[in-house]
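Asker: So the chains spell out like this:
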Amino acid sequence: MGRDDAGFRTFATARYGPLVRAAVLLGCSRPDAEDAAQDALSRCYVAWSRVRAADDPEAYAYRVLVNGISRGRRRRWLGEVPHAEPPEPAGQAGPEPEILLRTTVGAALARLRREHRQVVVLRFFADLSERRTAAVLGVPAGTVKSRTARAIALLAADTTLADLLPTAEKEPG
Amino acid sequence: MRPEDIDADDIGTLLRRTASGLDVRDAPVEEIVRTGRRRARRRIVAQVAGTASAVAVVAVLVPLGIGTRHIAPAAPPACAAEVAPAVLPEWARTGFTAPEPTMPYVLGDGGHIAAILFGPLTSPPEPDRNNKILWVSRGPASPGPLLITARRSPDDPPVVREVPGGPGPSGVDLPAPGCWTLDLRWGDRTDTVRLNYLPG
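Just so you know, the sequences run in chain order A and B.
In terms of our numbering, the first sequence opens at residue 1 and continues consecutively.
In terms of our numbering, the second sequence opens at residue 1 and continues consecutively.
Since the hints were made in silico from the structure, they are not lab data.
Be a bit skeptical, because a hint or two may be false.
To be verified - With the Cβ distance kept under 8 Å, some of the chain A side facing chain B (calculated, not the full set):
#	residue
1	Leu41
2	Tyr45
3	Glu98
Stated by the list, open to error - Pair by pair, the computed Cβ-Cβ distance ranges are:
#	chain 1	residue 1	chain 2	residue 2	range
4	A	Gly142	B	Gly12	16 to 26 Å
5	A	Arg111	B	Thr102	46 to 56 Å
6	B	Ala78	A	Arg30	39 to 49 Å
7	A	Pro31	B	Arg151	42 to 52 Å
8	B	Asp173	A	Ala14	29 to 39 Å
9	A	Arg111	B	Ala78	51 to 61 Å
10	B	Gly165	A	Gly138	25 to 35 Å
11	A	Thr10	B	Pro127	24 to 34 Å
Yeah, the Cβ is synthetic: ideal placement off N, Cα and C, and Gly gets one too.
Next up, chain A with everything else stripped away, as it sits in the complex:
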């Protein structure tokens, strides 16, 4: 089919990790996140000429991922277990701080509405601009801006997150 397979392989190798991590932050279990990333990249393979010609192939891949996860949610439960409270009290550094971080952040994200969670992950993990996030989600940039502001306000009001950030990071000077 005249595909640029080498170019696709380079793209897939580079994008797989960020897509898996984004899918976890979007609420997928680890195995489902890997499936979602593989599904997204295989769809990119089919449309590789379009992806390659796109202004922003990275955003294209995120769009396919987000759409795939949304389709999957409509079909089945993805196994996410939202917690009303984190399993352990935040701030008490236990023997596995990474697990505490992951469960606390995951629980805080799970308390957001889906559209707020999407903008948070795309803007602050994937580091996409408002314009690129808008292209991924198929909404106006103004909508991304308002959703982002609302999501930040909700996360700022989430008392479980504050203790995860060292105080020194916010001290002036």
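We have chain A already, so just place chain B on it with the hints.
Answerer: Quick look at chain B alone, frame taken from chain A:
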């Protein structure tokens, strides 16, 4: 830190720390490529099956005499499943800098016009790109718009589009996916092209 002090930078820091703690294995690229190839084959088979079933219906109904009181419609010529890039005809290279520009294009049945494509055509159009077609007329034509009358089958009502300046860059969105026959008229010239619009 007080909760009210959390800002966008802090959220980014938390997300990146959380994500970096996930140990992701190497990308299973070969598996992804295999899945992609299967998916591409299924898409082509579905397109071919659609055309074949239309031909089969005609082949069955006509010998049975069904519908023969009227002239039985011939199956419309099929669209190419995929328009592969090819070197443009010399007369269609205006504006391209490469000596032998290679682009996906569809030639009119009469050879009077070329439709140069800049990506797959989809209906509805993808949110971040339009269905861009560059129309190039073989030889000059009297001034006026390029009028497009598009049908998916001869019995369908036509969909009319107009490119105001005549053959040139355009965005041609059509209301449904499928193989569309576009009857073209510009100046004193006419031609017909068939273009496949994939589901968007």
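Asker: Is the gap between the beta carbons of A/Arg111 and B/Thr102 within 46 to 56 Å?
Answerer: holds (52 Å)
Asker: Using the beta carbons of B/Ala78 and A/Arg30, state whether their distance is inside 39 to 49 Å or not.
Answerer: Taking Cβ atoms as reference, B/Ala78 and A/Arg30 lie about 45 Å apart, which means the hint holds.
Asker: Taking 42 to 52 Å as the hint, is the beta-carbon distance of A/Pro31 and B/Arg151 inside that range?
Answerer: Holds: the Cβ-Cβ distance is about 48 Å, inside 42 to 52 Å.
Asker: Once the shortest beta carbon distance from A/Tyr45 to chain B is found, is it less than 8 Å?
Answerer: holds (3 Å)
Asker: Using the nearest Cβ pair, does A/Leu41 come within less than 8 Å of chain B?
Answerer: holds (5 Å)
Asker: So the hint says 16 to 26 Å: do the beta-carbon atoms of A/Gly142 and B/Gly12 match that?
Answerer: At 21 Å between Cβs, range holds.
Asker: So, as I understand it, the hint says A/Glu98 touches chain B; can you test that by seeing if any CB pair is closer than 8 Å?
Answerer: For A/Glu98, the interface hint holds, since the closest Cβ of chain B sits about 4 Å away, which is under 8 Å.
Asker: Can the suggested window of 51 to 61 Å be confirmed for the beta-carbon pair A/Arg111 and B/Ala78?
Answerer: holds (52 Å)
Asker: If I claimed the Cβ atoms of B/Gly165 and A/Gly138 lie 25 to 35 Å apart, would that claim hold in this structure?
Answerer: holds (30 Å)
Asker: Can the suggested window of 24 to 34 Å be confirmed for the beta-carbon pair A/Thr10 and B/Pro127?
Answerer: Since A/Thr10 and B/Pro127 have Cβ atoms about 26 Å apart, the given range 24 to 34 Å holds.
Asker: Taking 29 to 39 Å as the stated bounds, is the beta-carbon spacing between B/Asp173 and A/Ala14 within them?
Answerer: Since the Cβ atoms of B/Asp173 and A/Ala14 sit about 33 Å apart, the hinted range of 29 to 39 Å holds.
Violation of the numbered hints given earlier is absent; every hint is satisfied by the structure.
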